[in-house]
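K.L.:
For reference, the chains in residue letters:
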Amino acid sequence: MNLNKIFISSAIFILLLYVILIASAFYFFDGHVFIDTITSKRTLFSISISLGAATIASVLSIFIAIPAAYALSRYKFAGRNIIDIILELPLIISPAALGALLLIFFSNPLGNFIQKNTIQFVYTFWGIVLAQFITTLGIATRLVKAAMDELPKRYEQVARILGATHKKAFFTVTLPLSKQGILAAFFLTWAKAFGEFGATVTIAGTMAMKTETIPISIFMKLANADIKSSIVLIFILLLIGISVLIITRLIAKNTPYA
Amino acid sequence: MLKVQNFSFKVNNFSLKNINLTIKEGSFHIIVGHTGSGKTLLLESIIGLRRIPAETIFINGTDSRFIPIEKREMSYVPQDLAIFPHLTVDENIRYGTRVKRNMSKELGQLTNELIDLTEIRHLLNRKPKHLSGGEKQRVALVRAIAAGAKILFMDEPLNGLNKTLKAELQYLLKSLHKKYKLTIVMVTHDLDEAYTLAEIISVMSNGKILQTALKEELYKQPSSIEVAKFLGISNIFNARIDRITNDTFQIYSFELNAVLFMKKNDREYKLKNKITIGIRNDEIMILRKDLQKTNQTNIIQGIVEDFYAREYYYVVKVIPKNSEHYLTLEVPNYAFNKLNISKQEHIFLTLKEESIFII
Numbered sequence: 000m001n002l003n004k005i006f007i008s009s010a011i012f013i014l015l016l017y018v019i020l021i022a023s024a025f026y027f028f029d030g031h032v033f034i035d036t037i038t039s040k041r042t043l044f045s046i047s048i049s050l051g052a053a054t055i056a057s058v059l060s061i062f063i064a065i066p067a068a069y070a071l072s073r074y075k076f077a078g079r080n081i082i083d084i085i086l087e088l089p090l091i092i093s094p095a096a097l098g099a100l101l102l103i104f105f106s107n108p109l110g111n112f113i114q115k116n117t118i119q120f121v122y123t124f125w126g127i128v129l130a131q132f133i134t135t136l137g138i139a140t141r142l143v144k145a146a147m148d149e150l151p152k153r154y155e156q157v158a159r160i161l162g163a164t165h166k167k168a169f170f171t172v173t174l175p176l177s178k179q180g181i182l183a184a185f186f187l188t189w190a191k192a193f194g195e196f197g198a199t200v201t202i203a204g205t206m207a208m209k210t211e212t213i214p215i216s217i218f219m220k221l222a223n224a225d226i227k228s229s230i231v232l233i234f235i236l237l238l239i240g241i242s243v244l245i246i247t248r249l250i251a252k253n254t255p256y257a
Numbered sequence: 000m001l002k003v004q005n006f007s008f009k010v011n012n013f014s015l016k017n018i019n020l021t022i023k024e025g026s027f028h029i030i031v032g033h034t035g036s037g038k039t040l041l042l043e044s045i046i047g048l049r050r051i052p053a054e055t056i057f058i059n060g061t062d063s064r065f066i067p068i069e070k071r072e073m074s075y076v077p078q079d080l081a082i083f084p085h086l087t088v089d090e091n092i093r094y095g096t097r098v099k100r101n102m103s104k105e106l107g108q109l110t111n112e113l114i115d116l117t118e119i120r121h122l123l124n125r126k127p128k129h130l131s132g133g134e135k136q137r138v139a140l141v142r143a144i145a146a147g148a149k150i151l152f153m154d155e156p157l158n159g160l161n162k163t164l165k166a167e168l169q170y171l172l173k174s175l176h177k178k179y180k181l182t183i184v185m186v187t188h189d190l191d192e193a194y195t196l197a198e199i200i201s202v203m204s205n206g207k208i209l210q211t212a213l214k215e216e217l218y219k220q221p222s223s224i225e226v227a228k229f230l231g232i233s234n235i236f237n238a239r240i241d242r243i244t245n246d247t248f249q250i251y252s253f254e255l256n257a258v259l260f261m262k263k264n265d266r267e268y269k270l271k272n273k274i275t276i277g278i279r280n281d282e283i284m285i286l287r288k289d290l291q292k293t294n295q296t297n298i299i300q301g302i303v304e305d306f307y308a309r310e311y312y313y314v315v316k317v318i319p320k321n322s323e324h325y326l327t328l329e330v331p332n333y334a335f336n337k338l339n340i341s342k343q344e345h346i347f348l349t350l351k352e353e354s355i356f357i358i
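Going line by line, the protein sequences match chains A and B.
The numbering of the first sequence is numbering that gives the first Met the number 0, which starts it at 0 and goes up by one.
The numbering of the second sequence is numbering that gives the first Met the number 0, which starts it at 0 and goes up by one.
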């Protein structure tokens, strides 16, 4: 077997692995259960809070990621390298550990004060949002930074020389030219938030019709040995996830300055 | 209006060394140098893209560090042109006036005039990705001028264009400079381009400005061997002044083993002074066989060692009689063909007194 074949076979192996995994789920597929699960109030509730929490969390993440990514991409400042490392923290630390850190934080006086005077996070919808926000902020910043790194500084410099203030150059040149990258980052962040489980379950718990996102619902159904219903939810998660990935690909393809 | 004073600046392993430069209002000033000589770094420092030391660059007498980039009233055409890809040609051109909220009638009129002069009106609604190389150069040029800046900086803006297009744009640039009395500072590695466009040329090498002069002066009197070599002058020899008259020196060149006469210059020299002379390659002529007379002044007898063709001329290498050094000539194609020269042929060369200069 020549080297090319080894390389291509490895790539095909990845595809086969996931296809087999997904296909195996059809073994337990039941049409009646599918209709019942997908139309049940509990599933619709799960879908709606998953969509709502993921959207709020990813909007918040991107909102902070844009200026932070710009700073990391364009400036040299004290602590820049540490921030750069911290961005990857949610990728290497178990989400359950992150959720546990949140729980611990809200058990200390400062966390208590925040919960009493602002929003109750533990075991609420806002806990889901916070868990998703914490786990996606790093990746959102990393993705937006990649988009800004790719954008030549020259455009911004020319805008400044032509008479634009720093603010104007940012809003009329940098931001519009990073639009595709930011949108792609938003959708990927959203997909990550939508599928988040570990941190969410730790801080928001597993309360049906209250904090039951789709991943938590899958977990609860499996815990009750309801494999057929959990497969339906897995398919919903897959469908939404793959659609978002396709959208992201399409957006990233149209980078204007490439 | 713009002064660079004792400017030294280090970036990684490269440094600009003690740069002194004055850009006169309305001039077309070209900084010419090989790739890596520091031209772009100098330009970026002047424009404000680099954090430079205090009291080194002055705009109308003010230390440039205290003037924000957008308030410097400068424009810039970078090497990659940087036409905003998300805007149409029209939006690109009017970007400067839009961000400055300067919608004055004069600037509007100027923009319209420029659009017509550069023949880009039909492109106004296009996005940059649908423009050809030459069209992009025109758009970048119009955008820079239409912003109403007082000085236009250009970094090798005509790089990568074919010859015809380059010549066309050079002509356009010259006419825009003349019509709008623009102050233009341009960097290039192309000496021909510098001579075509500039009024004043600064020669830059290894982070230093070697000479700044009017282009005619630079051609007549390079200030150092390095500048002479940069200008393509190959004939640099040692000599001795043997006689001084009212307006000429009689010199003896050791390497050429020849007695030559040259025009005196302003500097003071004494008899027997050792000097370095340069002889411009394109000003040495080969005498036609029927006109060869050895009793004329500045006649050098020699043997054709080699020749090869360049675009518009032949380079001919001649070894003077009793010498081991080459004289390099540039003979126009038509003249070379007429002379019908062959290798190892004995020929006579002549040169004017003005063609020799002291370095």
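One should not assume that every hint holds.
Unchecked claim - Below 25 Å or equal to it, Euclidean Cα-Cα: the simulated DMTMM-like pairs (lysine to aspartate or glutamate) are:
no. : chain 1 : residue 1 : chain 2 : residue 2
1   : B       : Lys126    : A       : Asp148
2   : A       : Lys152    : B       : Glu155
3   : A       : Lys152    : B       : Asp305
Said to hold, decoys possible - Quick look at which bits of chain B chain A covers, simulated, 3 or more residues with Cβ under 8 Å:
no. : region
4   : 9-15
5   : 66-76
What the hints assert, rightly or not - Sample of chain B residues facing chain A (criterion: CB under 10 Å; computed from the structure):
no. : residue
6   : Tyr94
7   : Lys99
8   : Asn101
9   : Met102
10  : Ser103
Keep in mind the hints are simulated off the structure, nothing from the lab.
Cβ coordinates follow ideal geometry from the N, Cα and C atoms, glycine included.
K.L.:
Each hint should be assessed against the structure and marked as holding or not.
P.N.:
Now the hints, each set against the structure:
no. : hint                     : in the structure
1   : Lys126(B) with Asp148(A) : holds, 23 Å
2   : Lys152(A) with Glu155(B) : holds, 18 Å
3   : Lys152(A) with Asp305(B) : violated, 50 Å
4   : 9-15                     : violated (count 0)
5   : 66-76                    : holds (count 7)
6   : Tyr94                    : holds, 6 Å
7   : Lys99                    : holds, 4 Å
8   : Asn101                   : holds, 8 Å
9   : Met102                   : violated, 12 Å
10  : Ser103                   : violated, 13 Å
The structure fails hints 3, 4, 9 and 10 (numbered hints given earlier, in ascending order).
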